[in-house]
Each structure stands twice: as structure tokens, then as C-alpha cells.
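Protein chains: 2
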Amino acid sequence: MITRIESTQNPHVKQWKKLQTKKERNKTGLFLIEGTHLIEEALKYKAYVKELIVREGTEYSLLDVGDPIEIFEVTEEIMKHISDTETPQGIAAVCGMKGTAPINIATAKLLLIDNVQDPGNLGTIIRTADAVGMDAVILGEGCVDLYNGKVIRSTQGSLFHIPIMDGNLDVWIKRLNVIGVPVYGTALEGARNFKEIEPQKHFALLVGNEGNGVDSNLLKLTDDNLYIPIYGQAESLNVSIATGILLYHLRG
Amino acid sequence: MITRIESTQNPHVKQWKKLQTKKERNKTGLFLIEGTHLIEEALKYKAYVKELIVREGTEYSLLDVGDPIEIFEVTEEIMKHISDTETPQGIAAVCGMKGTAPINIATAKLLLIDNVQDPGNLGTIIRTADAVGMDAVILGEGCVDLYNGKVIRSTQGSLFHIPIMDGNLDVWIKRLNVIGVPVYGTALEGARNFKEIEPQKHFALLVGNEGNGVDSNLLKLTDDNLYIPIYGQAESLNVSIATGILLYHLRG
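Quick mapping for you: the protein sequence lines, in order, are chains A and L. For the first sequence, this note's numbering assigns the number 3 to the initial residue and increments by one for each residue that follows. For the second sequence, this note's numbering assigns the number 3 to the initial residue and increments by one for each residue that follows.
Same shape as in the complex, but just chain A (with noise of 0.2 Å):
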């Protein structure tokens, strides 16, 4: 079924541009994604996709919706009203958050993010946990929220890949020790170079903020902490390229 919207003032249309805010999308349980890719990911690995948006003479037939979903057209004003970025794409889709299935963390390799909290990085790292066939993300506090708008699209789909929870990261290393799952936290300072370290059939990598790095209280329940070694005047690599190097490596 289509209905079709031409005001602004509609309670769709309100309760989307609502869904632009953390506290919106966290009492709903929904958020909004934007353009054909992401919305083919949502559909491809089943995430609940409740309604889809489509601006007036936007094509979307090619997209295999499968369950019955209310489909909304709308005017170019309201695409742009909805949307957070300057041109918007001509499709958007209301999905649900889920919960995640539980995971074996005795045999899982694991992404700890600390803080993170630039969109752009979090969604970075968590394509790139997601390509280098992590198990699941573990979102400690002050972490930007997964939902921002900004962070669904630099991930290119991958939230819907791998399981992405908000936890507690100092209970998680310590259920990790007693487990005796490896867990490598990293640090300019007082660490080891990461080539020292052999890949790991399953580990827990660590890392935090774009300025102040992970949280000293963390890095003092590690098994080891790593650092990536500049050979140049650059004081620091960016956090999302230092994961990247660091899991390809332990993954090995």
C-alpha cells in the first residue's frame, strides 16, 4: 500500500524528523537510513524494516522489499526536511533496532571502542571490524550514538552485518580475563610494538578517543597494550587506521 504525503506538518512526517535524535530513536526503538545501498544491506540481512520513504519519481521496483511494508511517497520538500544530509538520495527507510544473539566470547574475536566520538570514525572502524570478519562491536560510554545518521552511512551497511552492543567495557575485559581471552588495549606510551604480537585465533582489541586514546583505568586490566610505531613527525595516526592496522595484523 502507498500513501502518499504532501505536508510537512504530517505525523509521519514529524515523528521522521524526530527519529534525527538520539533520544527520538532510543524511546522508539527505530531509526531512519538513507539511499538505495543501505536500504538494500537492511533488507539483505533481515534487519526490520518498517516503512520506506520514497521521494516522487524516485525509482525503487528494483528493490526486493519481500514482507508487506507501508511505502510512503513524498515531495522533494519533505525528503530534504527529513533527511540530514544537503542532497538527500531519493529513498529512506524507517528500520527497528534489534537485540543481538548471544555470542560465545570464549571463542569470538572482539572490538572494544572506548569513547569514540566522531561519527565518520566510529562507522569506519565498524566497516572495518566488519571486513576483517570480526565477531561482534562492543560500544563502551561516550561512544557517539550508532544511530546518528552520519555513523549508519560511513559503516556502508556493515551495522547490519555484525553484531553491534552497548556494553559496560570494564565488566567485558574482566569477563574476558577470567576467561583467558586475550585483550590488547593501545597506547602511545608504555606499550608494545604491535609486530611483537603473534595473530590470534581469538582476541579482544581495544581502543578509544580521537584525543585522549583509551581510558587509563582500561589499560591497566589488559594482558597488553600496543602501539603502532611512527617513523614520521605525525604525532599520532587517525584511531579508525590504527584499528584497521591492528586487526588485520592480530587476525593475521
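For the record, the hints were derived by calculation from the structure and aren't laboratory data. Hints are not guaranteed to be accurate.
Just so you know, same-sequence chains aren't split out, so a pair can sit in one copy or run between any two.
[What the hints assert, rightly or not] Simulated crosslink set (DSSO-like; lysine-lysine; CA at most 30 Å straight-line):
#1 K100 x K19
#2 K82 x K24
#3 K100 x K20
#4 K52 x K197
#5 K176 x K46
#6 K152 x K52
#7 K82 x K176
#8 K16 x K203
#9 K29 x K222
#10 K152 x K82
#11 K176 x K222
#12 K100 x K16
Once you have looked at the hints, place chain L on chain A.
Relative to chain A, chain L alone:
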């Protein structure tokens, strides 16, 4: 000498504002940088800092300006007017582009960049190239302008640390071929796993556009093309992540 300016109609202000465009930057050979950290880096690495622009009330006495330099004190309104960020820092500077000293390409590690269009990606790639100790970066056709504000911010100052120049990549690769420096392209298909390649003392790495990768005509000129295996469901890695992984591997 300190000149105070209170009007956005002042010719200096108009000139600074114009430096937001590539056309004006190329015409004058000047570009604007913002923030204490970047200005410190520019001064430390002897970039040509022509004018310092300080918002009234901003402390800058700790900056080691060295040579006499023109200093302008401006209102908050003016600083907002000339800045390309939403929350400008209290200090900016006009710098001169400079030519780069000749490098001995027979004994160099070079990064060739084809058509990378996202400013954050280009800046982060340059920062990474600096960190890993590359000798120079060559920007091929289609790359976003190096002096774009977001590129400069993302380099975190690395644009002052290593030679970066525009170049014809076709010519560069052929020149490297002649003198026997191995050139590695990057490709998703028909390429070798990067781990098969041993670290090298001298090499050139060629990376490319976010959506389309490296131009296929350039890939035909390389000694080998490399890929990074994808173990999960992601279709690819972000170009700056891939560059980081490959550079740290090839550098050894």
C-alpha cells in the same frame, strides 16, 4: 605590529574569505589554516606564515612566531565569517604554498593518490603517509584540493611535514618503472593478497577513488596490484584504512 579590524567589509577580511575557494588559493598561492595546533606545526616546520588572525581576547603569546609577521585582531563576527568551521577556533593564519625540494625517487618511498575526493580521506591518508615515514605524496588528477579546509584539518599538520605535489600519475609510474622502483597498485579483483609481498626499502603505492578504485589504465602500468582480503560481509575497506594497512605492511 597589530592591526585591529572590526568590519567584514574590510579588504583584508574579503581576501581571507575568498581563500575558501580553490580558484583564489591558486591565484594567490595562499591558503588559510585554523587553530593553534596547525599554526604551531606551520611555524615549527618553517612553512611561510604570512599573517596571523586572532579573535579579540584569544591568548597567543605562547606561539613562537619568530620572524616579524603581520598580526590582525578581529571581532568574533569576522572570525566566523572567514572560517569554514561552525565553531571556529580563536586563531587563524594565512600561509603560502611552497614548492617542494627535489627528491631522489630512486631511493624513496612514494604514495601516489588517484582521484580521492573526500577531504577527510585525503587528509587522513596524508597524516598516515607522514606517520609511516613516506618520502613524498603525489596527488594525481581528480583529487580534492590539498588546501581545502577539511583536508588541512584532517592532516593534523602533516601537510607541513612531508613533500606533497600534484603530478601526472601515468608519467610518474613510467618514470618509476624505468629506474626499477616497484609500483604497487590496489584493486579488488585480479590482484595479489598484500601479505604475499615482502616489505620493501623503496616502493611506490598507488591508491584510488572511493567508489571506483584506481583508474584501470594506471593499474596496467604497475608491477603488481594488491588486495586486502575481506573476511566478513563488508564489500570493501575505506580507502584511508586500506592505505594505512598497506603502507605499514610494505614499510615493514
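Right, here's what the structure says about each hint:
Within a single copy, K100 and K19 get their C-alpha atoms as close as 21 Å, which meets the 30 Å cut-off; across copies the closest is 47 Å, which misses it. Taking CA atoms no more than 30 Å apart as the test, K82 paired with K24 passes in both settings, with 19 Å inside one copy and 28 Å between copies. With identical chains, the CA atoms of K100 and K20 are at most 30 Å apart within one copy only, with a shortest distance of 19 Å there and 48 Å across copies. For the homomeric pair K52 and K197, neither the shortest alpha-carbon distance inside one copy (46 Å) nor that between copies (43 Å) is at most 30 Å.
Within a single copy, K176 and K46 get their C-alpha atoms no closer than 36 Å, and across copies no closer than 44 Å, so neither meets the 30 Å cut-off. Within a single copy, K152 and K52 get their C-alpha atoms as close as 21 Å, which meets the 30 Å cut-off; across copies the closest is 36 Å, which misses it. In this assembly of identical chains, K82 and K176 lie within 30 Å of each other by CA distance neither inside one copy nor across copies; the values are 46 Å within and 47 Å between. When the C-alpha separation of K16 and K203 is checked against a cutoff of 30 Å, the pair qualifies neither within a copy, at 48 Å, nor between copies, at 59 Å.
Taking the shortest Cα distances, K29 and K222 never come within 30 Å of each other, neither inside one copy (35 Å) nor across copies (54 Å). Taking the shortest alpha-carbon separations for K152 and K82, both the intra-copy value of 16 Å and the inter-copy value of 24 Å come in at or below 30 Å. In this assembly of identical chains, K176 and K222 lie within 30 Å of each other by CA distance solely inside one copy; the values are 11 Å within and 51 Å between copies. Taking the closest pair of Cα atoms, K100 and K16 come within 30 Å of each other only inside a single copy of the chain (23 Å); across copies the shortest separation is 52 Å, beyond that limit.
In summary, the numbered hints that this structure violates are 4, 5, 7, 8, 9.
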